[in-house]
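J.: Given the sequences, and given the hints that come with them, work out the whole structure.
Numbering of the sequence shown is given in our numbering, commencing with residue 576 and proceeding in unit increments.
In case anyone wonders, no lab produced these hints; they're calculated from the structure. Only a predicted model underlies this, so the values are computations on that prediction, with no experimental measurement involved. Check the hints yourself; a few may be wrong.
To be verified - Restraint ranges, calculated between C-beta atoms of paired labels, are given here:
| # | residue 1 | residue 2 | range |
| --- | --- | --- | --- |
| 1 | 793 | 603 | 16 to 24 Å |
| 2 | 845 | 684 | 44 to 52 Å |
| 3 | 747 | 722 | 16 to 24 Å |
| 4 | 702 | 868 | 16 to 24 Å |
As the list claims (entries may be wrong) - Below, in silico cross-link-like pairs of lysine to aspartate or glutamate (DMTMM-like), each with a Cα-Cα straight-line distance of 25 Å or less:
| # | residue 1 | residue 2 |
| --- | --- | --- |
| 5 | 741 | 721 |
| 6 | 698 | 669 |
| 7 | 816 | 721 |
| 8 | 816 | 847 |
| 9 | 741 | 726 |
| 10 | 698 | 710 |
| 11 | 811 | 729 |
| 12 | 811 | 721 |
| 13 | 752 | 765 |
Each residue gets a CB set at the ideal place from its N, CA and C atoms; glycine is no exception.
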Amino acid sequence: MDQNVVVLVGGVGGAKLAYGLAQLLPPERLTVIVNVADDFWHYGLRICPDADTLMYTLSGLVDPVNGWGIGGDTTAMLDMLRRYEGETWFRLGDRDLATHLIRTQMLRAGERPTQVMQHLATKLGVACTLLPATDAEVMTLIETAEYGTLEFQDYFVRYRWQPVVKAIRYSGIDHAKLTPEVEHAIDAADVILFGPSNPWLSVQPILAIPGMRERLLARRVPRVAVTPIVGGEALKGPAAKIMRELGLAVSPVTVAAFYGDLINGFVVDQRDANLPFSDVITMLLDTIMPNNESKLNLARQVLMAVEKWGAV
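T.: This is the structure we're talking about:
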């Protein structure tokens, strides 16, 4: 495909699709915009879980079992931290720790998060362009029934996403700005994709950045989302649980409604072939990606579908 493709992602599912796209597209044609609202400070280090999952996946370093972290990483630092009775609820692998150390050092030296991410990705051998959705510090906050307001990583990791979700908001989002790099990538895009990421935890923090929705809507190009819901359940993570707790039907139809006029195409898993959709073109594909071959296959079929649909 001789077109510029932009894909918005967060977490494991989005990283899997990005991996497939990166195998098919020339690196100069692919830009991946990643969620930053689950980034946080921990032991004085800036941790960026979605960005790191994306970098490790595209570089081939990712743990193939978990879908995050570095495969075969050790935990000597964490073991010593436990001996000191420090907080060990957030797993930091020894090699993974180097990523956070360099990132924090560069940020404290005045580098922008965009520059830091590009440096780290390049050093890991990632050829396509990876961009944080914004250089601002924003954070997803989860209003829970049991613990009140929790920062995202407390909800997701410390409490293993078990608390009941009452509402979700994004701290700092009103003052966030699109970076020039993100603006240019969207303006130059011939195809815009939304990965099979959690709509409320991964995609909405990107869409909520002032100016993002308007910029996406201004592009009269294929704008296609891939469902993260298959057969009434999420393939990974708390998406289905959150939907139930927010009073939403756990269905790809709900996901399509979440995107609304942002999309003119929607990829549905073939297992949900009988669901009713309106006002959006749908393509039935196998969206489950247990291995690299399936990631490549889904990316290829999505690109083929986009070429058939053309500009809307």
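J.: Each hint should be assessed against the structure and marked as holding or not.
T.: How the hints compare with the structure:
1. 793 <-> 603: 16 to 24 Å: Taking Cβ atoms as reference, residue 793 and residue 603 lie about 23 Å apart, which means the hint holds.
2. 845 <-> 684: 44 to 52 Å: holds (49 Å)
3. 747 <-> 722: 16 to 24 Å: Since residue 747 and residue 722 have Cβ atoms about 21 Å apart, the given range 16 to 24 Å holds.
4. 702 <-> 868: 16 to 24 Å: holds (20 Å)
5. 741 <-> 721: holds (10 Å)
6. 698 <-> 669: Holds, at about 18 Å.
7. 816 <-> 721: holds (15 Å)
8. 816 <-> 847: Holds: residue 816 and residue 847 sit about 19 Å apart, inside 25 Å.
9. 741 <-> 726: It holds: about 14 Å lies between the C-alpha atoms, which stays within 25 Å.
10. 698 <-> 710: Measuring from Cα to Cα gives roughly 20 Å; hence the hint holds.
11. 811 <-> 729: holds (18 Å)
12. 811 <-> 721: holds (23 Å)
13. 752 <-> 765: Answer holds: residue 752 to residue 765 is near 23 Å, not above 25 Å.
Of the numbered hints given earlier, the model fails none.
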